[in-house]
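Engineer: So in the UniProt record's numbering, the last spot in the sequence shown is 191, and the numbers never skip.
Don't take each hint at face value.
List of simulated lysine to aspartate or glutamate pairs, EDC-like, C-alpha gap at most 20 Å [to be verified]:
| id | residue 1 | residue 2 |
| --- | --- | --- |
| 1 | K4 | E66 |
| 2 | K90 | D136 |
| 3 | K90 | D41 |
| 4 | K16 | E38 |
| 5 | K90 | E51 |
| 6 | K100 | D55 |
| 7 | K4 | E29 |
| 8 | K16 | E152 |
| 9 | K100 | D53 |
| 10 | K67 | E36 |
| 11 | K56 | D94 |
| 12 | K4 | D34 |
| 13 | K56 | E29 |
| 14 | K100 | D136 |
| 15 | K100 | E66 |
| 16 | K100 | E51 |
| 17 | K100 | E60 |
| 18 | K67 | D41 |
| 19 | K90 | E29 |
| 20 | K56 | D34 |
| 21 | K16 | E51 |
| 22 | K67 | D136 |
| 23 | K67 | D53 |
| 24 | K4 | D53 |
| 25 | K4 | E38 |
| 26 | K67 | D94 |
Simulated restraints, written as ranges between beta carbons of each label pair [as the list claims (entries may be wrong)]:
| id | residue 1 | residue 2 | range |
| --- | --- | --- | --- |
| 27 | A161 | P101 | 37 to 45 Å |
| 28 | L183 | K16 | 32 to 40 Å |
| 29 | P185 | K56 | 36 to 44 Å |
| 30 | I133 | A70 | 21 to 29 Å |
| 31 | N3 | M116 | 38 to 46 Å |
What the hints contain is simulated information worked out from the structure, not anything from laboratory work.
Even for Gly, the Cβ is constructed at its ideal location relative to N, Cα and C.
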Amino acid sequence: MSNKTRIVAFSGSLRKDSYNTAAVRVAMEMAPADCEIELLDIGTLPLYNQELDGDKAPREVLQLAEKVMAADAILFSTPEYNYSVPGVLKNAIDWLSRQKPQPFAGKPAAIMSSSMSAFGGARAQYHLRQIMIYLDVHFVNKPEVMIARAHEKFDSQGQLADATTRDFIGQLVTALIALHHQLSPSEAAKK
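Using the sequences plus the hints, can you model the full thing?
Structural biologist: Dropping the structure here:
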């Protein structure tokens with residue numbers, strides 16, 4: 001049994017050069033040695049179909065649910081599409097929301113977003129919070145990481161060149177780990 005804090009990360013973008021996936025990679029780099037972050041693959045999930053709820057769910061969904069269940073915390077990184085979260089992220093949430101036991105229930109989570117706009121995905125973050133409250137997810141409130149004008153902060157190789165944003169991502173990971181320890185004091189004592 002590992003004493004590391006296990007965080008699973010969802011990137012709401014499937015784009016090869018996604019700023020949101022790049023932000024998850026920064027979180028992985030900034031995570032302390034006693035924490036591991038795994039980027040989940042949600043791009044292969046079929047569209048949600050209620051007729052396949054529960055045990056009838058596709059293998060990819062059941063495997064994803066197992067990973068979320070085994071995690072100590074969740075990190076979301078989402079772009080903003082039409083003032084909301086991308087369909088691929090909502091699709092993954094819809095599939096997982098129907099699993100029993102509920103993989104998201106009681107989990108600490110954090111959100112960051114990247115956008116080429118001046119708002120940095122703020123509306124998508126607040127919409128994601130609204131969706132996840134129903135699933136009993138506990139969110140880090142601060143710091144808020146909204147990477148505005150992402151195309152100016154990431155270089156052509158997808159590396160985050162902005163030191164201030166790197167620091168905010170590191171602070172967000174630290175706050176997420178702290179929230180996990182706050183919600184699970186017996187787990188924190190083991191680490």
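Engineer: If a hint holds in the structure, say so; if it doesn't, say that too.
Structural biologist: Status of the hints after comparison with the structure:
| no. | hint | verdict |
| --- | --- | --- |
| 1 | K4 x E66 | holds, 18 Å |
| 2 | K90 x D136 | holds, 16 Å |
| 3 | K90 x D41 | holds, 14 Å |
| 4 | K16 x E38 | holds, 17 Å |
| 5 | K90 x E51 | holds, 18 Å |
| 6 | K100 x D55 | holds, 9 Å |
| 7 | K4 x E29 | holds, 15 Å |
| 8 | K16 x E152 | holds, 18 Å |
| 9 | K100 x D53 | holds, 10 Å |
| 10 | K67 x E36 | holds, 13 Å |
| 11 | K56 x D94 | holds, 15 Å |
| 12 | K4 x D34 | holds, 5 Å |
| 13 | K56 x E29 | violated, 37 Å |
| 14 | K100 x D136 | holds, 14 Å |
| 15 | K100 x E66 | holds, 11 Å |
| 16 | K100 x E51 | holds, 15 Å |
| 17 | K100 x E60 | holds, 15 Å |
| 18 | K67 x D41 | holds, 11 Å |
| 19 | K90 x E29 | violated, 26 Å |
| 20 | K56 x D34 | violated, 36 Å |
| 21 | K16 x E51 | violated, 32 Å |
| 22 | K67 x D136 | holds, 18 Å |
| 23 | K67 x D53 | holds, 18 Å |
| 24 | K4 x D53 | violated, 32 Å |
| 25 | K4 x E38 | holds, 12 Å |
| 26 | K67 x D94 | holds, 16 Å |
| 27 | A161 x P101: 37 to 45 Å | holds, 42 Å |
| 28 | L183 x K16: 32 to 40 Å | holds, 35 Å |
| 29 | P185 x K56: 36 to 44 Å | holds, 37 Å |
| 30 | I133 x A70: 21 to 29 Å | holds, 23 Å |
| 31 | N3 x M116: 38 to 46 Å | holds, 40 Å |
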